[in-house]
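Construct the entire structure; sequences and hints are all you get.
Letter by letter, the chains look like this.
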Amino acid sequence: MPKITIQEVETVANLARLEFDEEEKKQFTYQLERILSYIDKLNELDTENVEPTSHVLPIRNVMREDEVKPSYPREEMLKNAPRPVEGYFAVPKVIT
Amino acid sequence: MELYSMTAHQLRDLLRKGEVSATDIVKSVLERIDEVEGKIKAYITITDDLALRSAEKVDELLAKGEELPDLAGIPVAIKDVICTKGVLTTCASKILYNFVPPYDATVMVKLNRQMIAMIGKANMDEFAMGSSTENSGFFITRNPWDLDRVPGGSSGGSAAAVAADEAICSLGSDTGGSIRQPAALCGVVGLKPTYGRVSRFGLVAFASSLDQIGPITKDVEDCALMMNAICGYDPMDSTSADVPVPDFTKSLIPEVKGFKIGVPKEYFIEGIDPEVEAAVRKALEKFEELGASVEEISLPHTEYAVADYYIIASAEASANLERYDGVKYGYRAEGAKDLIDMYKKTRSEGFGAEVKRRIMLGTYALSAGYYDAYYLKGLKVRTLIKRDFDEAFEKVDVIVTPTSPTPAFRIGEKVDDPLTMYLSDIFTISANLAGICGISIPCGFSSEGLPIGMQILGKPFDEETIIRVAYAFEQSTDYHTLKPRIG
Chain A
0 MPKITIQEVE
10 TVANLARLEF
20 DEEEKKQFTY
30 QLERILSYID
40 KLNELDTENV
50 EPTSHVLPIR
60 NVMREDEVKP
70 SYPREEMLKN
80 APRPVEGYFA
90 VPKVIT
Chain B
0 MELYSMTAHQ
10 LRDLLRKGEV
20 SATDIVKSVL
30 ERIDEVEGKI
40 KAYITITDDL
50 ALRSAEKVDE
60 LLAKGEELPD
70 LAGIPVAIKD
80 VICTKGVLTT
90 CASKILYNFV
100 PPYDATVMVK
110 LNRQMIAMIG
120 KANMDEFAMG
130 SSTENSGFFI
140 TRNPWDLDRV
150 PGGSSGGSAA
160 AVAADEAICS
170 LGSDTGGSIR
180 QPAALCGVVG
190 LKPTYGRVSR
200 FGLVAFASSL
210 DQIGPITKDV
220 EDCALMMNAI
230 CGYDPMDSTS
240 ADVPVPDFTK
250 SLIPEVKGFK
260 IGVPKEYFIE
270 GIDPEVEAAV
280 RKALEKFEEL
290 GASVEEISLP
300 HTEYAVADYY
310 IIASAEASAN
320 LERYDGVKYG
330 YRAEGAKDLI
340 DMYKKTRSEG
350 FGAEVKRRIM
360 LGTYALSAGY
370 YDAYYLKGLK
380 VRTLIKRDFD
390 EAFEKVDVIV
400 TPTSPTPAFR
410 IGEKVDDPLT
420 MYLSDIFTIS
430 ANLAGICGIS
440 IPCGFSSEGL
450 PIGMQILGKP
460 FDEETIIRVA
470 YAFEQSTDYH
480 TLKPRIG
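Line by line, the protein sequences are chains A and B. Each residue of the first sequence is one higher than the one before, counting from 0 in numbering that gives the first Met the number 0. Each residue of the second sequence is one higher than the one before, counting from 0 in numbering that gives the first Met the number 0.
If you're looking for bench data, these hints aren't it; they were derived computationally from the structure.
With the Cβ distance kept under 10 Å, some of the chain A side facing chain B (calculated, not the full set):
hint: 1; residue: T10
hint: 2; residue: Y37
hint: 3; residue: I38
hint: 4; residue: N42
hint: 5; residue: N60
hint: 6; residue: A89
A virtual CB, placed ideally from N, CA and C, is assigned to each residue, including glycine.
Quick look at the structure:
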């Protein structure tokens, strides 16, 4: 059975850009451990010579002519932004 | 009979004979919404003005004597995960609480060409993750057959709206059973098309290799009409399949003589509700009466499907949901120290518990050191599950199973235990992993008066056969005509 530590939960949370309080971390540790031990069931199967299926259909690159077409108007696309400033998406200062 | 309680094909016929107007139909459904929506809560947004304006346009064309498409003036509910231009699209998530798409999903372009009257955006589990609609970031939806029970999920609002006559038809999306399971629990018809059959352009992505949009309707004929409207190749979706689309109404033939029906022995397991098993066994007898042959088959990797699904779906979800960062749209947390802190606060405040759980699981499964053990393993097991179906379909035309192991469960019954909740999708998940099509239709009622659904699975791109088999059963029974008494 996979053992998940609080530290692992913290590392994964950071990768996923999430943060949790101590209580939530404990809960996630327990729940992830339970779900992963259920998923460990897959190891009962020998898949040594099995090809992986990432898509059920044969996926090919879809090529098209490189033509200039109208894009969505800037104002339209900024309408949903939490902080549009002078035609841009504003974010907290990155370089200090 | 009230207009709101009719099917799309009945209303189409009345409309064409000039016996009712599209405005009459929309008004009838809006009155029904006024009457029962307080109890059901199927909708996040009700688009009454838009629906009335669409109906007026249909009536003007009718007055001019123009020929109209099948779904003209029909009130349709749209799951709130499908982008509707100029209409709030939230995915039932606080992180998209104010998102108004600047474009229509391809299915909306197609439905608008049919001149439907979109009546509202339906509630769902947040980002389509769940089996009960209890994971909605806003409120829960109730089952019209018993208000203390869930409507299923994730397309619970879409199914409840149709079952409660608050919409004539609806669109849902199905990643692991999210159309078929709520359709079963609400006593209506729900079809998950073959992967690639319907464009996913404008469907907010959960697990891109599993997601499909499909119809929820009151009967199989309406299902065929909706399928005619939404299917087809779309250059905007690179996973859309360039295959011919038949006229699905041609499959509405109530005969299955000589058809071979497979029944997987692995689906009648311990834990299945005996009344569900009995209803499906009785349905199989009905098929034999109708001249079909029923044989036991084996799908040996069935017991691995749920585990496989949660690895693959969560991995894809964790990648797809990276885009919610508080920059381009939706919610942004206040008071962040810097950019990374803004991302973290926005996502932690904006996503609900189940969505975070799956992002965590997916991120874990894709992270260095675990990729081969979990994700790659999952993709290999997916191959085995797909092979099971390829082999079964060499012997039989369709596979019949229960849609869900139990009828609708009680609100709150499974919320504290994610694993038990996941197992309620045990019969529907394999179809998404294998990419095949499946339909759920009503096949009986429990002793408590709750609807029971039967699932009919078909070969890839053979929706015609499942529609025909479903239609034959429906026409020889009357389960689809029974309505809940909402109280």
